[in-house]
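Q: Between the sequences and the hints, there should be enough to build the whole structure, so can you do that?
The sequence shown runs 271 to 472 under the numbering used here.
The reader is advised that the hints may include incorrect statements.
Said to hold, decoys possible - Think about it this way: if two alpha-carbon atoms lie no more than 27 Å apart in a straight line, the pair counts; the simulated BS3-like pairs of lysine-lysine are:
{"hint": "1", "residue 1": "K307", "residue 2": "K419"}
{"hint": "2", "residue 1": "K419", "residue 2": "K321"}
{"hint": "3", "residue 1": "K304", "residue 2": "K363"}
Unchecked claim - Label pairs and their calculated CB-CB ranges:
{"hint": "4", "residue 1": "K304", "residue 2": "P408", "range": "33 to 41 Å"}
{"hint": "5", "residue 1": "S400", "residue 2": "V425", "range": "25 to 33 Å"}
{"hint": "6", "residue 1": "E302", "residue 2": "K363", "range": "19 to 27 Å"}
{"hint": "7", "residue 1": "I313", "residue 2": "G428", "range": "34 to 42 Å"}
{"hint": "8", "residue 1": "G453", "residue 2": "E388", "range": "27 to 35 Å"}
{"hint": "9", "residue 1": "A349", "residue 2": "K419", "range": "16 to 24 Å"}
{"hint": "10", "residue 1": "A396", "residue 2": "N326", "range": "14 to 22 Å"}
{"hint": "11", "residue 1": "K424", "residue 2": "D371", "range": "34 to 42 Å"}
{"hint": "12", "residue 1": "Y431", "residue 2": "E302", "range": "40 to 48 Å"}
{"hint": "13", "residue 1": "S400", "residue 2": "T353", "range": "12 to 20 Å"}
{"hint": "14", "residue 1": "P399", "residue 2": "R445", "range": "24 to 32 Å"}
{"hint": "15", "residue 1": "Y431", "residue 2": "D371", "range": "37 to 45 Å"}
Hints in this document: simulated from the structure, not taken from any laboratory. In this text, all values refer to a predicted model and were calculated from it rather than measured experimentally. Don't be surprised by glycine CBs; every beta carbon is placed ideally from N, CA and C.
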Amino acid sequence: MNDLFTRRAVVAGMGVLGLGLLAGCSPARGLEFKYGKNMSNEILGRKFRLKDPQGNVRTLSSFYGSMPMIFFGFTQCPAVCPTTLARAAQIRKLLRGRDRDLFQVVFITLDPERDTPEVLDAYVKAFDPSFTALTGTPEEIAEVAKEFKVFYEKVPAGDTYTISHSSTSYVYDTRGTLRLSLGHSLNAKECAEDLVTLMEIC
271 MNDLFTRRAV
281 VAGMGVLGLG
291 LLAGCSPARG
301 LEFKYGKNMS
311 NEILGRKFRL
321 KDPQGNVRTL
331 SSFYGSMPMI
341 FFGFTQCPAV
351 CPTTLARAAQ
361 IRKLLRGRDR
371 DLFQVVFITL
381 DPERDTPEVL
391 DAYVKAFDPS
401 FTALTGTPEE
411 IAEVAKEFKV
421 FYEKVPAGDT
431 YTISHSSTSY
441 VYDTRGTLRL
451 SLGHSLNAKE
461 CAEDLVTLME
471 IC
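A: What follows is the structure in structure tokens.
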């Protein structure tokens, strides 16, 4: 954690002029991530409408005021999904105070036929009670995945199937602008460092 606080101190100690330039969080400057990719010039996920496990319709604007990290997967995923959600739980523990409160994990299922609302809710909350999940009809999920440029396909596995899918996590700022993508290979500390950078500037 000392490294995160050092990074925070550097950002917080920038001159008034520099902060003024960064206030608008311009896509062209100000966001230099050490590990993840700056996605400020990308427009993804602006129009999705899905339901949370309680049946409430959620859109990107539902998460204004927080910094949502959106990840696609399915509850029967053998490796990528549980490790990504476990990493997200570790990230949240590394964050402190306001940063922790801002961080909101949003898990979108790619398997709505098997991932019922009850199953989804229990699955994500087993990693952290603050995490939320979203679902919809297969057609709605396909449309949202397309909007995020997320690849997925069913793969036969004996009498059932698994799902092959991309594993990138997408982070938005408090105003619903996509800012950062985090690859599956990054560890929690690396992700947290980039998130602190984003939270301080945006």
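Q: CB of I313 to CB of G428, is that within 34 to 42 Å?
A: The hinted range 34 to 42 Å holds for I313 and G428, with Cβ atoms some 40 Å apart.
Q: For the pair we were handed, K307 and K419, check the Cα-Cα distance against 27 Å.
A: This hinted pair holds, its Cα atoms lying about 15 Å apart.
Q: Given the hint that K304 pairs with K363, does the C-alpha gap stay at or below 27 Å?
A: It holds: about 20 Å lies between the C-alpha atoms, which stays within 27 Å.
Q: Could you check the hint for me, namely that S400 and V425 are 25 to 33 Å apart, CB to CB?
A: 32 Å, holds
Q: Does the structure keep K419 and K321 at a Cα separation of 27 Å or less?
A: Since the Cα atoms of K419 and K321 sit roughly 20 Å apart, the hinted pair holds (cutoff 27 Å).
Q: Is the distance from the Cβ of Y431 to the Cβ of E302 consistent with 40 to 48 Å?
A: 41 Å, holds
Q: Given a hint of 14 to 22 Å, does the C-beta separation of A396 and N326 actually sit inside it?
A: 21 Å, holds
Q: Is the gap between the beta carbons of A349 and K419 within 16 to 24 Å?
A: Holds - the Cβ-Cβ distance for A349 and K419, about 22 Å, lies within 16 to 24 Å.
Q: CB of K304 to CB of P408, is that within 33 to 41 Å?
A: Distance hint for K304, P408 holds at roughly 38 Å.
Q: Mind checking the hinted window 24 to 32 Å against the Cβ distance between P399 and R445?
A: 26 Å, holds
Q: Should the hint that G453 and E388 are 27 to 35 Å apart at their CB atoms be regarded as holding?
A: Since the Cβ atoms of G453 and E388 sit about 31 Å apart, the hinted range of 27 to 35 Å holds.
Q: Hint says 34 to 42 Å; check whether the CB-CB distance for K424 and D371 agrees.
A: Given about 37 Å between the Cβ atoms, the range holds.
In this structure, every one of the numbered hints holds.
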